[in-house]
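**Q** Using the sequences and the hints, build the whole thing.
Protein chains: 4
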Amino acid sequence: MEKVTIEYRVPYADTDMMGVVYYANYLVMFERARNELMRRCGYSYAECEKEGFALPVTHAECDYRASARYDDVLEISAWVQSMKGVRIEIACEARRKGEEKALARGYTRHAFIDLASFRPCPPPARFAAAMSAGGLQ
Amino acid sequence: MEKVTIEYRVPYADTDMMGVVYYANYLVMFERARNELMRRCGYSYAECEKEGFALPVTHAECDYRASARYDDVLEISAWVQSMKGVRIEIACEARRKGEEKALARGYTRHAFIDLASFRPCPPPARFAAAMSAGGLQ
Amino acid sequence: MEKVTIEYRVPYADTDMMGVVYYANYLVMFERARNELMRRCGYSYAECEKEGFALPVTHAECDYRASARYDDVLEISAWVQSMKGVRIEIACEARRKGEEKALARGYTRHAFIDLASFRPCPPPARFAAAMSAGGLQ
Amino acid sequence: MEKVTIEYRVPYADTDMMGVVYYANYLVMFERARNELMRRCGYSYAECEKEGFALPVTHAECDYRASARYDDVLEISAWVQSMKGVRIEIACEARRKGEEKALARGYTRHAFIDLASFRPCPPPARFAAAMSAGGLQ
Chain A
1 MEKVTIEYRV PYADTDMMGV VYYANYLVMF ERARNELMRR CGYSYAECEK EGFALPVTHA
61 ECDYRASARY DDVLEISAWV QSMKGVRIEI ACEARRKGEE KALARGYTRH AFIDLASFRP
121 CPPPARFAAA MSAGGLQ
Chain B
1 MEKVTIEYRV PYADTDMMGV VYYANYLVMF ERARNELMRR CGYSYAECEK EGFALPVTHA
61 ECDYRASARY DDVLEISAWV QSMKGVRIEI ACEARRKGEE KALARGYTRH AFIDLASFRP
121 CPPPARFAAA MSAGGLQ
Chain C
1 MEKVTIEYRV PYADTDMMGV VYYANYLVMF ERARNELMRR CGYSYAECEK EGFALPVTHA
61 ECDYRASARY DDVLEISAWV QSMKGVRIEI ACEARRKGEE KALARGYTRH AFIDLASFRP
121 CPPPARFAAA MSAGGLQ
Chain D
1 MEKVTIEYRV PYADTDMMGV VYYANYLVMF ERARNELMRR CGYSYAECEK EGFALPVTHA
61 ECDYRASARY DDVLEISAWV QSMKGVRIEI ACEARRKGEE KALARGYTRH AFIDLASFRP
121 CPPPARFAAA MSAGGLQ
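Chains as they are written, first to last, in this note's numbering: chain A, 1 to 137; chain B, 1 to 137; chain C, 1 to 137; chain D, 1 to 137.
Don't take each hint at face value.
As the list claims (entries may be wrong) - Anything over 10 Å on all C-beta distances counts as not near chain C; from chain B, calculated:
#1 E2
#2 M17
#3 A66
#4 Q81
#5 R87
#6 A111
#7 I113
#8 S117
#9 P122
Stated by the list, open to error - Mimicking PhoX-like on lysine-lysine, the simulated pairs with C-alpha atoms at most 25 Å apart in a straight line are:
#10 A/K50 x A/K84
#11 D/K50 x D/K84
#12 D/K97 x A/K50
#13 A/K97 x D/K50
#14 C/K50 x C/K84
#15 B/K84 x B/K50
#16 B/K97 x C/K50
#17 D/K50 x C/K50
#18 B/K84 x B/K3
#19 C/K97 x C/K3
#20 C/K84 x C/K3
#21 A/K3 x A/K101
#22 B/K50 x A/K50
#23 A/K3 x A/K97
#24 D/K84 x D/K3
#25 A/K84 x A/K3
#26 B/K97 x B/K3
#27 B/K50 x C/K97
Think of the hints as simulated: they come from the structure by calculation, not from any bench. For glycine and all other residues, C-beta sits at the position ideal for the given N, C-alpha and C.
**A** Printed below as a string of C-alpha cells:
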C-alpha cells in the first residue's frame, strides 16, 4: 500500500507555551497529508465534494511520542489503512525530516456521505477506481 | 455608545512558545465579542445569515500592548465604532479581568452583503433598528 | 466519579466550509474542560506547572457522532477515566446545551513529567490528594 | 527592496462556514512568509531567539479584498516595509498562485526585544547585516 508524504514547516502559531506543537494541530497536519493522498491518486477531496460526496471524520486518534518544535521541517505521511463498505481509514505519521522516528502517529476514520441526503453511501466509483489504480487499496 | 463585554479564559491552545497568546488568536476573541454584541442587541449574526445577509471582514487591525497568558480570565469588549452606508466598524479590546489596562485593542471593518448576490447592501432593517434601540449606534 | 461541565459558545472560527465545527477543534474544547476539572478539584494545571510538573498528552482519541454548529452553546464535560502510575486518562464529551446526545466523545491520556528532567514521575502529592478529596478518583 | 514568496495550500481547517478562509488565518500565513523572509536573508527567527532576541508583534493589520478557498494554492509574499530604531515593519500579501490580484494584504509591526530583560533593543548586528546583504533594507 502506497504512502504519500508532504513536507510541512512548523510556524510559531502551531506551538504552545511548552515550546512544542500543540496536540490538536497534528490533526490539521494529518488533514494536509490526507488531501495530498487523494489528489495524487487522481481524485482530490475538492473534486469529491463537487461531485456531491463528502468524507466527514467519524473517529480520530493519535499517539504522541516526541515533540515537534518551531521551524522543524516535518514529513507527514498518509496512507489508506482500510476500506470497507462506506468506511475508509487513513493512517498518518509525522516525522522530523530525515529522521526515522515517528513524532506522532494516528489515523482518522471517515464515512462517505451523499451531500444531497447527508446519508452514508458507497465510495464514488471514481474514488474506488483511483485508489486501485494508485495501488492505494 | 454601549459596550458589550464577555469573559474568556485562555486555554493552552491559544499560547505560543513565547508563553503568551499568539497574535492571530486575538482576532478570534474579537469575533466572540462581536457575536455577543449582535446577540445582545437582539439580532444575532446567526439570524442575520438566516435572513440572507452576511458581514464579512474587509479590514482588521490590532495593537498589542501587553501579553495575555495561559489561564488568564480576559474581558473582551466590543462596541460599534462607526456605521455608514454598507459599512460598520466594530472596536474590540481585551483586558485581564479586573484590570484597566488594555492588552490588545483593535477593530474590524465589515460590509453588509446580500447572500443571494454576494454584493454589498445596506444593513438589514432589523439590524439598524436593533442597533438604535440598544443605544449601540 | 465526578464530572465537571463548562459551557462554550461556538464561534465562526471553529467552523469549516461544511458548516460544522472542524474536527481538531474538539480537542481544544476538551482541553478547556480538562483545565476546569483540575481547577475545580483545587489544583489547576497552571499551579501544576508552577510546581514543576507537566501533563503532556500522549494519546488522544475522539468519536464524532453529530455536528456542532456556529453559535451553538455546548456543554463540555470532563472526568477522570483512570489513574495508574504516572498515567492519567481524562474523558470528555460535548453536547448541545440541554440535550442528552453526545456530539463528540473521547479521551486524552497524559503522563506526569518532572519539568526539571522532562522524565515521567508520579502525580504530585497535591494532585492526588485533590483528586481524592474531590471524589474525582 | 526584495520580496520573498512561499506557496501554501489551504486546508479545510482554514475555512469557515462561509466557505472561505477565516480572517484570522491570514495572520498565520503572514507569519509563515515572515519566517521565510528571515531565513532567506540568513538569520532565521529561530536563530534570533537562540541568540537572545525576539520580535513580538506590536501591531498587525490586514485588508481583505477577495476570498481564498479550500485547496487553493496561495502565494504569500513578505518584504521589509520599514526599519527604524527598534522597530521593523513587514508587509505581506496573499494571492492565488498565478494571479496578480491580492486576496489579502497587510503588515505587522515588531519591536526587537532582549529576552534577558524583555526590553526593546536595537536589531542584533547579524540581522541588520543580513538585511543589507540581502537587499532587504
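**Q** Sort out whether C/K97 lies within 25 Å of B/K50, counting only the CA atoms.
**A** 21 Å, holds
**Q** For B/S117, is the shortest CB-to-CB distance to chain C above 10 Å, so the non-interface label stands?
**A** Check passes; 20 Å lies beyond 10 Å.
**Q** Given the hint that A/K97 pairs with D/K50, does the C-alpha gap stay at or below 25 Å?
**A** 21 Å, holds
**Q** Taking the closest pair, is the beta carbon of B/M17 still more than 10 Å from chain C?
**A** 14 Å, holds
**Q** Is it the case that B/A66 keeps its Cβ farther than 10 Å from each residue Cβ in chain C?
**A** Non-interface label stands for B/A66: nearest chain C Cβ at 18 Å, farther than 10 Å.
**Q** For D/K50 and C/K50, compute the direct alpha-carbon distance and say whether it is at most 25 Å.
**A** The given pair, whose Cα atoms are some 24 Å apart, holds under the 25 Å limit.
**Q** Please verify whether D/K50 and D/K84 have alpha carbons no more than 25 Å apart.
**A** Cα-Cα ~23 Å, so holds.
**Q** Mind checking the alpha carbons of C/K97 and C/K3 for me, to see if they're no more than 25 Å apart?
**A** Given pair C/K97, C/K3 holds - Cα atoms ~16 Å apart, limit 25 Å.
**Q** Holds or violated: C/K84 with C/K3, Cα cutoff 25 Å?
**A** 19 Å, holds
**Q** Just checking, B/P122 versus chain C, shortest CB gap more than 10 Å?
**A** 22 Å, holds
**Q** Beyond 10 Å from every chain C Cβ: check whether that's true for B/R87.
**A** 19 Å, holds
**Q** Would you mind confirming whether the straight-line C-alpha gap from A/K3 to A/K97 stays at or under 25 Å?
**A** Measuring from Cα to Cα gives roughly 15 Å; hence the hint holds.
Checked against the numbered hints given earlier, the structure satisfies every one of them.
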